[in-house]
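Asker: Spelled out, the chains give:
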Amino acid sequence: MIEGQGIPTLLIGTAHDIISKVTAPRVVFVDHPVGRTFGPPHDRGRNEAVLERALAELPKFTRAGEIRDPGFQWLPDGSRAWERELIAEMRQDR
Amino acid sequence: MPFEYLPIMAQNSAPKPPRVLVKPSKPAWCPATKPLNQSRVALLTSAALRLTQQEPFIPREDFGYRKVPSDPTAGEIIIDHHSGIGRVPKQDPEIVFPRTALANLVKRGLVGSLAPFHFSCMGGLRDHAKIENELATAIARDMKEARVDLALLVPY
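Chains as they are written, first to last, in the numbering used here: chain P, 1 to 94; chain G, 1001 to 1156.
Just so you know, not all the hints are guaranteed correct.
Cβ-to-Cβ under 10 Å is the rule here; a few derived chain P residues that face chain G [unchecked claim]: (1) G6; (2) I18; (3) P76; (4) D77; (5) R80.
In case anyone wonders, no lab produced these hints; they're calculated from the structure. The beta carbon of each residue, even a glycine, is placed where N, CA and C say it ideally should be.
Starting from the given sequences, assemble the full structure and let the hints guide the process.
Answerer: Written as structure tokens, this is what we have:
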């Protein structure tokens, strides 16, 4: 709808299995826990760094439905330890 | 391998059927030709967030939207979305709605300007036809009127 009005869009999202199914025109995947797209609470430096890095992908899109992965990591060592905590959090989402 | 959300969401929605993910009925592609440092940018969030003095969203099927001032000093943001994952972003809505970060990128000259308003609606709505025909259509019209050059969509 928005692109149909002549306005390009860039979706910045964390849930890869969802965003890969809905086929948005341009997607930047942020490999963070859902609900923390731009970093942990009250970390303005990281908020801005994530947004800047996501926006840097904009000129690289060549086709509709493309998902670009700039390599964001939630934890500095790249571990997936956050996933267990997130599952517990989501279990309460009923 | 990216974390898989859909199996947990399906378990959480039981006994109701899991959400159906749909693609746009009228897919469109608008080339992003304008340089970012000359573009007027707006955020669109599905966190159902708003200024404290704006009308609250009604979970779970509110098809309205709020225009939230893009000036980060314009007032406190609260999140009405019902999702359990909201406990963390409710501590700091900027982590799903980077209003301050975007304003800083304008100050640094990386982004041209801010639209006067960002846009906020309720995520997780199930009536997809109504989303397309009413909600998204109205938001797109408002963005056009605000001469937005680039919309940043941040799903909640």
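Asker: Against the earlier hints, flag every one the structure doesn't satisfy and list their numbers going up.
Answerer: 3, 4
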